[in-house]
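*Asks:* Sequence:
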Amino acid sequence: MHAGHLQIIYEASQQADLLIVALNTDSSIQKYKSPLRPIIPLEYRLQMMSALAFVDYVTWFEETNPCKLLEIIKPNVHVNGAEYGENCIESETVKSHGGSLHIVKLVPGLSTTQILKKMITVQEQEA
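Mapping to this note's numbering: the sequence shown position 122 is 122, numbers consecutive.
Worth flagging that the hints you see were computed from the coordinates, not collected in a lab. Certain hints may be false.
Think about it this way: if two alpha-carbon atoms lie no more than 30 Å apart in a straight line, the pair counts; the simulated DSSO-like pairs of lysine-lysine are [stated by the list, open to error]:
{"id": "1", "residue 1": "K105", "residue 2": "K74"}
{"id": "2", "residue 1": "K105", "residue 2": "K68"}
{"id": "3", "residue 1": "K68", "residue 2": "K31"}
{"id": "4", "residue 1": "K68", "residue 2": "K33"}
{"id": "5", "residue 1": "K117", "residue 2": "K31"}
{"id": "6", "residue 1": "K33", "residue 2": "K118"}
{"id": "7", "residue 1": "K105", "residue 2": "K118"}
{"id": "8", "residue 1": "K31", "residue 2": "K74"}
{"id": "9", "residue 1": "K118", "residue 2": "K31"}
{"id": "10", "residue 1": "K95", "residue 2": "K68"}
{"id": "11", "residue 1": "K105", "residue 2": "K33"}
{"id": "12", "residue 1": "K33", "residue 2": "K117"}
{"id": "13", "residue 1": "K95", "residue 2": "K74"}
{"id": "14", "residue 1": "K31", "residue 2": "K95"}
{"id": "15", "residue 1": "K95", "residue 2": "K105"}
Modelling step: build the complete structure from the supplied sequences, incorporating the hints.
*Replies:* Structure (structure tokens):
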């Protein structure tokens, strides 16, 4: 988790009275991102999310997208980062239950990929 994630989660908390954060499992992330991900295992990501005062509930999903979970939860608002946009894969599921999407603008330079690239650059320069 990094400051970009925190911004999305905090903004999500401002959209509703109850905030449920759903995290991909490790195997889910490996399927849609990279076999080398996640950087932080689910157990620790769940602990970090649970420690945030503005998060009410934390859960996880095994699939590569949250549509199955959203069918169960039926949120009034679903929040996503701008990299996924209004036409994200879960858009239809959320809207079919009368929900809406709220897209959070990304903080430039704050993505896991960019942070990893910077770490590699620093390591190479220090070697």
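*Asks:* If a hint holds in the structure, say so; if it does not, say that too.
*Replies:* Against the structure, the hints:
no.	hint	result
1	K105 to K74	23 Å, holds
2	K105 to K68	25 Å, holds
3	K68 to K31	17 Å, holds
4	K68 to K33	19 Å, holds
5	K117 to K31	21 Å, holds
6	K33 to K118	18 Å, holds
7	K105 to K118	22 Å, holds
8	K31 to K74	25 Å, holds
9	K118 to K31	24 Å, holds
10	K95 to K68	14 Å, holds
11	K105 to K33	21 Å, holds
12	K33 to K117	15 Å, holds
13	K95 to K74	9 Å, holds
14	K31 to K95	26 Å, holds
15	K95 to K105	21 Å, holds
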